[in-house]
Every structure is written in structure tokens, then in C-alpha cells.
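Protein sequence lines correspond, in order, to chains E and R. This note's numbering puts the first residue of the first sequence at 1, with every later residue one more than the last. This note's numbering puts the first residue of the second sequence at 178, with every later residue one more than the last.
The set of hints was computed from the structure by calculation and includes no laboratory data. Treat the hints loosely; a few may be bogus.
Claimed, not checked - One side of the interface only, derived from the structure: several residues of chain E facing chain R at Cβ under 8 Å:
#	residue
1	48
2	146
3	148
To be verified - Derived list of chain R stretches under chain E, where covered just means 3 residues or more per stretch with a C-beta under 8 Å from a C-beta of chain E:
#	segment
4	187-195
5	214-220
6	229-236
7	239-249
8	253-264
The C-beta atom is built at its ideal place from N, Cα and C for all residues, glycine as well.
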Amino acid sequence: MPIPDTVPILGISWADALFLALAAVLLGSALLVVTLRDIIRSGLAMVSAFGALAGIYVLLGAPLVAAAQVLVYIGAIAVLILFAVMLTQEKAAPVRLVFQTQAIPAAIAAIVLALIIALSVVATDWGAVGRRIATATDALARLLFGQYVLPFEVVGVLLLAAVIGGVYIAKREDRDA
Amino acid sequence: MSQSLDAYLVLSGILFAIGTFGFLARRNAISMLMSIELMLNGVNLAIVAFGAFLPALNVDASVIALLVMAVAAAEATVGLAIVMAIYRNRRTPLVDEYDAMRQ
Numbered sequence: 001m002p003i004p005d006t007v008p009i010l011g012i013s014w015a016d017a018l019f020l021a022l023a024a025v026l027l028g029s030a031l032l033v034v035t036l037r038d039i040i041r042s043g044l045a046m047v048s049a050f051g052a053l054a055g056i057y058v059l060l061g062a063p064l065v066a067a068a069q070v071l072v073y074i075g076a077i078a079v080l081i082l083f084a085v086m087l088t089q090e091k092a093a094p095v096r097l098v099f100q101t102q103a104i105p106a107a108i109a110a111i112v113l114a115l116i117i118a119l120s121v122v123a124t125d126w127g128a129v130g131r132r133i134a135t136a137t138d139a140l141a142r143l144l145f146g147q148y149v150l151p152f153e154v155v156g157v158l159l160l161a162a163v164i165g166g167v168y169i170a171k172r173e174d175r176d177a
Numbered sequence: 178m179s180q181s182l183d184a185y186l187v188l189s190g191i192l193f194a195i196g197t198f199g200f201l202a203r204r205n206a207i208s209m210l211m212s213i214e215l216m217l218n219g220v221n222l223a224i225v226a227f228g229a230f231l232p233a234l235n236v237d238a239s240v241i242a243l244l245v246m247a248v249a250a251a252e253a254t255v256g257l258a259i260v261m262a263i264y265r266n267r268r269t270p271l272v273d274e275y276d277a278m279r280q
């Protein structure tokens, strides 16, 4: 049986359905990240938001960015954050309140920010907007190791500096060991 | 819908706004760092969306997105190390109790 061109009941194309599903997962998980009381759960919601975003990158035709998203964010940053959670949160002293007292003004500010961004996006003419085009990975590699080789090397040095700095800052000092 | 640049940009704007809310409203330093990661992801989504729809930026956008990811990883490393160092001194991850300089 051939797959129909559109989603059977909804009547929208498969790409649209995929976009809507991934966007719903992304925004739902992001809201869970900022609202859940248990910080481990908000860390896991963050993993699911990163995964949905990787799916959106695939939909946008950037498979290498999607792979890097999975490796860097889900693989490295999420694990780093979950380790930090386990090292700094004490069960003996439960967090009484999740939010600052300024939570309601912050929510209003965030909603206004989202509206401003959405309105300015819709009102702007982005010029030569073509159809969605996929990124060729070999062209990406040539550009990264050709024209962008200096930023690439600088990022490598930056990561080394961050590793050394992170170890130095987080290492236990002798006096409270 | 998945063929329009606006949909992706609005999505990235909403993601950025959610991250802003989390950064302003949460009390836990690690939650604030998670919110920063959400904001960085929103920006990255905008960059990749521009790359997918504007032919002149197609490949460059992916390169820039990868560089942003590397810088975000460096930021997370140093930020979490600072949180751990403060936690060791103050014994709390709540940022509103870091008030030593106010006294």
C-alpha cells in the first residue's frame, strides 16, 4: 500500500505534521524545564527538548547540525548538568519555593518578548526566501576547514581553556577538604 | 507551514522567551543555566532556519551553528564549575541566598 501524500485525517502534508509534532514537543518540554519543581525532572525535560530540536534540524535539511546537537547537547551538556545537579542539590534541604518573587513580572516580560519577536518576524520581508534547501555535508566540511579554519582553531583553544578553567575553579581546595 | 521561514523563526523566538522566563524566575542556579541553554538553542534554531531558506547563507549557517554549540559547551563547563565553587562556600544552590556583597 503506497503512503498517501498527506496525513490521512488531518489533510496536511507529512512535513507539516512532523513540524507541528516536533514544535509541540519542543515547546512543551521547554515549558516543563522552566516550571517543574524537581530539578532532575527539568533536566530530563531539557534532554527531550534538545532531542525535538535535533529533529527540527533534520527537517530543515541540516543533518550534521542535528548529529552535533545530539552529541554535544544530549551527550555532553545534559550529562554535565545532571552531574552538577547530583553534586549540589541536597535532599535534606528541599527547595521550598521554585521561583523568585519576581516570577510574575518575568512571565509578563517573557510573553511580551515572544510577541515582539513574533511580530517583527512576521512584519519583516526576508528578501530572497527560497524553498527549503538541504545542506550538503561535503560543502560544509570544505567551508569549515577552508574559509572558517581560523574560527575553528580558536574554538578549539577556547574549549581547552574552558576545560582547564573548569577544573581549576571546581577543584576542591585543601583547606576544606 | 514547514515551508515557511516565519514558522521556524517564531518557534525560535518562543523558545528564547521561555528561556528568558526561566532565567529571570528560577531560584536555582542550575535551573538558570538550563534556561540559558534553552535560549542558546533558540538562537541556533534561528541560524539554521536562515541557512535553510536563504541560499546565500546555506552552508555558512551550519558552520556558525556548530561554532555556537562549541561555545555553548565551553559556557556550560565554566558556568557549572562556578556554581560548584559557590556551592562549596555557601552550601546552597539558590541564587537569592548569595547575598554576601549586600551586607
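Results for each hint:
Hint on residue 48 of chain E is violated. Least Cβ distance to chain R is approximately 12 Å, over the 8 Å limit. Taken as an interface hint, residue 146 of chain E does not check out: its beta carbon lies about 10 Å from the nearest beta carbon of chain R, beyond 8 Å. Interface restraint check for residue 148 of chain E: the shortest CB-CB distance to chain R comes to about 5 Å, inside 8 Å, so the restraint holds. With 8 residues bearing a CB less than 8 Å from a CB of chain E, the segment 187-195 of chain R meets the requirement of three and the coverage assertion stands.
Remark: the segment 214-220 of chain R is confirmed as covered by chain E, as 3 of its residues place a Cβ nearer than 8 Å to a Cβ of that chain, reaching the required three. Taking a C-beta to C-beta cut-off of 8 Å, the segment 229-236 of chain R contributes 7 residues in contact with chain E, enough for the three needed, and the coverage statement holds. Beta-carbon proximity to chain E at under 8 Å applies to 9 residues in the segment 239-249 of chain R; the threshold of 3 is reached and the given coverage holds. Coverage of the segment 253-264 of chain R by chain E holds [criterion: at least 3 residues with CB-CB distance below 8 Å; count 10].
Of the numbered hints listed earlier, those contradicted by the structure are 1 and 2.
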